[in-house]
Amino acid sequence: MAEALPAGISARQLNEALTRFRKIVGDSWVFSGEKARSYHDPYPVADDTQSHRASAAVAPASTEEVQQIAKIANDLRIPLWVVSRGKNFAYGGAAPVLAGSVVLDLSRMNRILEVSEKFGYALVEPGVSYFDLYNYIQEKKLKLWLDVPDPGWGSVMGNALDHGVGYTPYGDHFGMQCGMEVVLATGEVVRTGMGAMPGSNAWQLFKYGFGPYVDGIFSQSNFGIVTKMGIWLMPEPPGYRPYMITFPREEDIEQVVEIVRPLKLGNVIQNGATIRSLVLDAAIFSTKSQYFSGKGPIPDSAARQIMADHDIGMWNFCGALYGPPPVTDALWAATRDAFSAIPGAKFYFPEDRRKSPDILLHRAETMRGVPKLTEFNFLNWNGGGGHVGFSPVSPSTGEDAIKQYRMVSGRVREAGFDYMGLMAIGFKELHHVTVIVYDQNDRDERRRLDELFRTMVREAAAEGYGEYRTHIHYMDTIAGTYGWNDNALMKMNQKIKDALDPNGILSAGKSGIWPRHLRGGKP
Amino acid sequence: MKRRQFIQASASSLLLPVILSTARGDGLTAAAAPRLTSRFFFDHRFETARRHASDRAASLRIDAVAVQGDVTSFWVGGMDALAGRQTLELHGMTTESFRFCLEVLLRERSTVTAQVSRLDSNLLHWHMHSSPLDIGESFHG
Chain A
0 MAEALPAGIS ARQLNEALTR FRKIVGDSWV FSGEKARSYH DPYPVADDTQ SHRASAAVAP
60 ASTEEVQQIA KIANDLRIPL WVVSRGKNFA YGGAAPVLAG SVVLDLSRMN RILEVSEKFG
120 YALVEPGVSY FDLYNYIQEK KLKLWLDVPD PGWGSVMGNA LDHGVGYTPY GDHFGMQCGM
180 EVVLATGEVV RTGMGAMPGS NAWQLFKYGF GPYVDGIFSQ SNFGIVTKMG IWLMPEPPGY
240 RPYMITFPRE EDIEQVVEIV RPLKLGNVIQ NGATIRSLVL DAAIFSTKSQ YFSGKGPIPD
300 SAARQIMADH DIGMWNFCGA LYGPPPVTDA LWAATRDAFS AIPGAKFYFP EDRRKSPDIL
360 LHRAETMRGV PKLTEFNFLN WNGGGGHVGF SPVSPSTGED AIKQYRMVSG RVREAGFDYM
420 GLMAIGFKEL HHVTVIVYDQ NDRDERRRLD ELFRTMVREA AAEGYGEYRT HIHYMDTIAG
480 TYGWNDNALM KMNQKIKDAL DPNGILSAGK SGIWPRHLRG GKP
Chain P
0 MKRRQFIQAS ASSLLLPVIL STARGDGLTA AAAPRLTSRF FFDHRFETAR RHASDRAASL
60 RIDAVAVQGD VTSFWVGGMD ALAGRQTLEL HGMTTESFRF CLEVLLRERS TVTAQVSRLD
120 SNLLHWHMHS SPLDIGESFH G
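These protein sequence lines are chains A and P, in that order.
Okay, so the first sequence: first residue is 0 according to numbering that gives the first Met the number 0, each after it adds one.
Okay, so the second sequence: first residue is 0 according to numbering that gives the first Met the number 0, each after it adds one.
It should be emphasised that the hints constitute simulated quantities derived from the structure, not laboratory data.
Careful, some of the hints might be misleading.
Stated by the list, open to error - With the Cβ distance kept under 10 Å, some of the chain P side facing chain A (calculated, not the full set):
id, residue
1, GLY68
2, SER72
3, TRP74
4, ASP79
5, CYS100
6, VAL103
7, GLU107
8, VAL111
9, GLN114
10, ARG117
11, LEU123
12, LEU132
Unchecked claim - So, partial list: chain P residues that the calculated Cβ filter (under 7 Å) puts toward chain A:
id, residue
13, ASP54
14, VAL70
15, THR71
16, ASN121
Heads up, the beta-carbon is just placed ideally off N, CA and C, and yes, glycines get one too.
Could you put together the complete structure from these sequences and hints?
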């Protein structure tokens with residue numbers, strides 16, 4: 000099947016671009032046809048498999064090559080879709096919003112440029128994965144910990160730029176970003192923060208520099224190509240104690256979150272702790288057919304059996320204590336006292352768990368920054384493999400947590416899926432991430448998923464809950480929910496887009512931001 | 000236990016079933032010295048996979064490795080290094096997470112051709128042939 004061409008671009012133009020790209024990066028690093036297959040979303044949501052299909056890919060090795068590619072793309076008006084390592088699965092992987100885009104794959108730019116043990120930071124290129132940085136730290140025997148997402152094969156930079164989160168005290172990945180180098184669409188290179196001062200030795204130490212703080216506009220956007228980024232790393236703590244607290248009833252989530260909030264604001268809960276649902280945790284080590292052979296969501300009897308077999312609750316709070324024993328003892332005493340108010344709450348440390356593998360033993364590694372792929376086991380729940388993340392943000396109140404849970408779980412189960420959600424504890428907010436696992440080969444199931452997703456977006460927005468991140472297929476939909484004051488934010492984004500990328504070559508449609516020539520009737 | 004030892008221990012434990020089964024003589028290994036470039040992975044949680052593992056491995060004259068859903072320890076424990084240097088013939092009766100993650104990881108180091116068919120709601124039967132990329136550097140593509 001012929002690959003989709005970008006809108007308004009002829010095959011001749013595309014081929015000319017690829018020829019010129021080959022002169023920059025070499026023949027081996029331009030991919031088209033079958034060789035571009037790894038840039039396809041392995042779990043497409045849309046029925047039309049061409050709707051997010053890349054036409055080709057080019058992989059530069061340096062900032063200078065990125066500049067040259069950007070200039071060629073500008074000359075020929077070739078749309079590029081920028082990926083760091085392309086591991087944004089559940090959100091589209093390396094696939095573009097705009098069909099026919101050429102993927103600009105930055106994964107060859109995989110140098111760890113600097114790691115400072117003294118100050119706790121790394122300066123990395125886009126292709127550096129969590130595994131790469133973790134291995135580097137281990138090999139050099141540095142007393143630093145990473146903060147990793149689940150799973151951990153993605154780009155340190157890419158995850159932060161997409162507002163990803165992790166599970167140590169450094170879990171706000173973009174919040175831990177400090178300084179970046181950006182190639183603009185027209186080929187100029189900019190360094191932000193203290194990096195704009197020649198000879199500065201504080202580029203990765205002080206975020207703001209002088210003047211407007213611009214780093215944020217390069218996150219979840221298409222305003223430039225980030226080619227270097229600083230990320231803060233946690234000093235290895237003098238002690239570490241992971242724990243899990245289980246709660247037996249669905250409605251417990253309300254009281255759990257009310258207890259979590261003051262503990263988090265008061266730094267008693269120090270890390271990006273998570274409250275995980277029964278089925279999500281069961282799916283890490285079991286499959287649905289081991290408990291239920293019928294259609295639709297699992298019944299209560301199956302849920303109770305899962306709880307008994309895995310020694311987990313309807314909700315499972317995984318947190319960790321960081322610091323010397325006198326500190327962690329005091330923090331644990333406060334944590335245990337607070338959660339003891341919930342009838343049936345059970346408290347575990349790793350040594351209390353009876354079986355292996357086990358959810359606390361798995362989370363214990365993640366909460367100390369060990370990158371893994373274990374979390375992908377949830378794909379096996381119903382075997383279908385397809386998965387999409389629905390990720391609204393809410394205030395960290397019990398009232399909002401139970402409301403969100405009932406809204407989302409009700410709709411998910413009504414559509415025939417199991418609720419597999421978690422609430423990731425931010426500083427003052429919750430990220431309520433629900434993974435919907437579906438059979439990618441079942442057209443009816445994909446249709447139900449699409450209807451479900453759009454319904455949940457609409458209903459969440461009506462209650463003031465917006466998504467923090469989304470799949471390429473839904474970027475316009477989510478952007479549309481941020482429409483306060485006649486879409487003032489989108490209008491501002493478009494002005495920035497037109498100024499920084501006048502020919503609209505970078506990541507068209509990312510976060511609903513379109514270049515002028517493709518904007519059509521969009522606000 | 001330090002984190003790095005944990006990962007290395009896990010990787011070693013994944014290789015152990017091959018060595019132990021040689022001692023048991025249950026037919027799950029083809030040779031006393033396993034050939035690292037060929038493997039038959041089977042998810043030992045499922046009776047179908049266990050039942051077919053020895054026959055399939057024997058017919059292919061390769062060693063069988065018991066796994067679950069997570070490829071991490073196996074990958075960091077040796078497969079990562081091998082994939083960039085050697086041609087691999089990998090077969091499996093596993094869940095989707097193992098197959099999917101392995102294929103994505105292999106494609107970062109090598110050219111991969113893969114065939115997959117579904118056995119039941121849990122298991123896939125698959126084959127992957129990977130050849131190292133013919134260039135002087137690894138590629139996280």
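These are the hints, each one checked on the structure:
1. GLY68: GLY68 (chain P) check passes; min Cβ-Cβ to chain A is 4 Å, inside 10 Å.
2. SER72: holds (9 Å)
3. TRP74: holds (8 Å)
4. ASP79: This hint holds: ASP79 (chain P) lies near chain A, its Cβ roughly 8 Å from the closest one there, short of 10 Å.
5. CYS100: holds (5 Å)
6. VAL103: holds (8 Å)
7. GLU107: holds (8 Å)
8. VAL111: It holds, given that the least Cβ distance between VAL111 (chain P) and chain A is near 9 Å, below 10 Å.
9. GLN114: Given a least distance of 14 Å, the restraint on GLN114 (chain P) is violated.
10. ARG117: Where the cut-off is 10 Å and the nearest Cβ of chain A is about 8 Å from ARG117 (chain P), the hint holds.
11. LEU123: Cβ of LEU123 (chain P) sits 8 Å from chain A, so the hint holds.
12. LEU132: holds (8 Å)
13. ASP54: Given a least distance of 23 Å, the restraint on ASP54 (chain P) is violated.
14. VAL70: Status holds, d = 6 Å.
15. THR71: holds (5 Å)
16. ASN121: holds (5 Å)
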